[in-house]
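Given chain A, work out where chain B should sit, using these hints.
In case you want the letters, here they are:
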Amino acid sequence: MEIIKEKTEQAWKSALKEIYEHGIEIKDANNRTSREALNVMITITEPKYDITKPIETMNSLKKWVYPELDELEDVFFKKDASSSYYYTYGTRLFKFANSKNQIDDFIIPLLKKYPSTRRALAAVYRPLVDSRLSSKENPCLISIYFKIINNKLTVSALLRSNDMFIGWPANIYQVYLLQKYVSEKLGIETGSITTVSHSAHIFSEYEEEIRDVLSKR
Amino acid sequence: MNLIEQRILNKFKKEPLREIPTTEIVREVYPEEYSRIIVAINSQFSDKKASNQAKRRKGQLHRKVLYHLNTLVNEGIIKVGSVKGKGEKYFTLAIEEGELVVEKKHKQIVINKPSISTSLIDDYEARGIVCKFDPENWVSKLNCILLESTNQKGINKFYELVYNCFSEVNDCLGLNDFEFMIENNSIENTEETLKKMNIDTMDYERFVSLIINVKNITDNSKILDFINSFVKIKPKNIQLIFKADSKELKSCSELFKSISSEFSREEIKINIHNKKSHEAPIIIGKAGPYTIREDQWQEYKENTQGKTIGLAIANTSIAIDIYKFYRENLSNNDFRELIMKISKTLLKVSANQRRRSNEFFKRINELNKPYIKRFFSYNKNYIRFWNYDLRDKKQEHLLELLESSKEDVMKFCSTERTIYNSCGMPMNFDIVFSSVFNKFSKSLSKREYVKTTIRNFKDYHESEMSYYINMKERLAHVFEGGDRCRFFRKGKFLPEDIIKEMVFLMNTYELALITYDFKELKGEIKLTNFLGSETE
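Here the protein sequences come in this chain order: A and B.
Under our numbering, the residue at position 93 of the first sequence is numbered 93, and the numbers go up by one with no gaps.
Under our numbering, the residue at position 97 of the second sequence is numbered 97, and the numbers go up by one with no gaps.
Isolated chain A, as found in the complex (with noise of 0.2 Å):
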């Protein structure tokens, strides 16, 4: 499944109703019912008009309390670990390993040095810590790749789990606010951002909620 739009909104609603309409149901292990589709792959073009609107409209819906902007923020790049998240994409971005910061050492030094280079991934995933048995907390976001495209810089970012309801409109918006940090650094514009997720789903206690959402114009 491939959507392209203009606009972060858009493209969300656009993927919700192919999922809702499309998706296979599924059970998981969990037992939640679920519809899932495989490989989703959604660009928008213009992130930087409208990245924050589907965290309003889900803030809107007043049913839970959505993670505030800066706390999604903060937690993005903050480098030390918390005691009180199980990991964050921040720790693994900046200080993987406890050792490697990939943006700042890697990822800026690369760009600005080969801005034409294939090379610029940040990997989010430890397979040493997470692929184990017993691990409960993995973390959905793999990998952020930058590539530089006619002085623009576009970001993809692969998913292996998403949640596309509740959790896509928190992960662009991180991935947004990564691509605009490097791009400073870098001196060029922001690109398009494209999410490819391996298993794309929207869970069906929150039918009701998506129905509303795409009932809205």
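It is worth saying that the hints were derived from the structure and are not from the lab.
Treat the hints loosely; a few may be bogus.
[Said to hold, decoys possible] Derived contacts from chain A toward chain B, CB cut-off under 10 Å, selection only: (1) T57; (2) D70; (3) Y85; (4) A123; (5) P127; (6) V129; (7) L133.
[Unchecked claim] Here are the simulated BS3-like pairs of lysine-lysine, each with C-alpha atoms no more than 30 Å apart in a straight line: (8) A:K136 x B:K348; (9) B:K411 x A:K13; (10) A:K78 x B:K348; (11) B:K344 x A:K216; (12) B:K301 x B:K341; (13) B:K362 x A:K136; (14) A:K79 x B:K406; (15) B:K132 x A:K62; (16) B:K276 x A:K100; (17) A:K13 x B:K107; (18) B:K132 x A:K100; (19) B:K234 x A:K17; (20) B:K11 x B:K107; (21) A:K180 x B:K341; (22) A:K95 x B:K519; (23) B:K14 x A:K79; (24) A:K95 x B:K307; (25) B:K341 x A:K95; (26) A:K136 x B:K301; (27) A:K79 x B:K307; (28) A:K62 x B:K236; (29) B:K341 x A:K53; (30) B:K236 x B:K439; (31) B:K14 x A:K78; (32) A:K63 x B:K500; (33) A:K136 x B:K406; (34) B:K362 x A:K79; (35) B:K411 x A:K62.
Ideal placement from N, C-alpha and C gives every residue a C-beta, glycine not left out.
Below, chain B alone, put in the same frame as chain A:
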């Protein structure tokens, strides 16, 4: 700017939301000298002269720092938040939130105090319906920690840990398997520790539960010696909790006869934790009881026990004054709405705590390395209920309301965990219900509760008593955060009567914590007027 003032302000800069005791500030200002003083005071190798000298120096340092603290108070930079124990002052930043710029003689220190949004419940708080436990340290401290006695090498080392944890919690500590400490140390040493703990719990206004796992007792005489010391010292803020099933209780009947006899004579409460009903430890605090869920306790035992100093049990407590709620003629729908507002507030507050956890729990994190996350895995937020009367016409559906509200809250917590997980911030967020003890806050409504008095065995079969116990059994399913069933024992009785009654209660009812209180009763009213709340 004076160097001492700089160090004081840097302490507040690091921990802008905390109420900090003078002792801790002195320790921050003079880290090396202060630790030398403490070693000299506590060391068994110090002679009396050296020890007295160290105490004098400690006093000098306190006075010196207090002088500068008072200067900062007069300048409106900090304020005295509270005075606890034997008069120790606790200081906090004078601003509610925002940026504070302190500039003196070319030296500038900028302190940021973030806001903690509780706007959803502000109105209820103003009306006295909702009440936070220890609002000054609401976010920066844990309510309750369980410490494992068996992890420690000796009682002195263990007490050092207990003492350090007094400043990490704002309510209580549970010392699990304390029989291990009693049996593996000399009675003189254990008694000395108990004396120190008694003084420190009063100074810090903290509570300690010594949990004795009856099954593990191998040396009755040592336990009895300890019981005698306990009766002699009669600590104000320390309780003994005997964890057993009825068989274990019967097999130690001689020991329990002595305990019943000594405790009843000295009017000390006997707490029996019936592990057949609930195996996870129960801790008695100032706010109320604390515990964790059975499945989580099993998981902890299998994966974590022995790797950390213990377990964080609770981080925040909010009480709802049911009497005040219904006095305002609010409806059941309002009740459910209030519960959801509190739940959302707890989530927002915990978000704040999560983001600053490395700052708030720095010492705890150090002690639990490399298993920091496991220590915090089962931490709960508490919604506690005060002054309810299930026989009041307005509250006749309260139990059902609590049951359905509990379901709502569980669903809310599960959804939030899913949201945070999906957003790449997997965390533990949980809310449980429990009862309140009257020391929770002075602003709680006055209660006309009945003390459930037992004069002989027949009293347990009285219809009113059965009603009370059955109601407590039903509440136990709602109060997953812990509850206590208390009986007042009056009249003439033999120690074996107490054991017989305890065994009966343990075998007949699903009550996790049974407390026998031998205190003289005043102003008792009949059970027909019963207001089911707890009292300490």
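Practice task
Please flag the earlier hints that this structure goes against, numbers listed from lowest up.
Solution key: 1, 4, 5, 6, 7, 12, 14, 16, 17, 18, 19, 21, 22, 25, 28, 32
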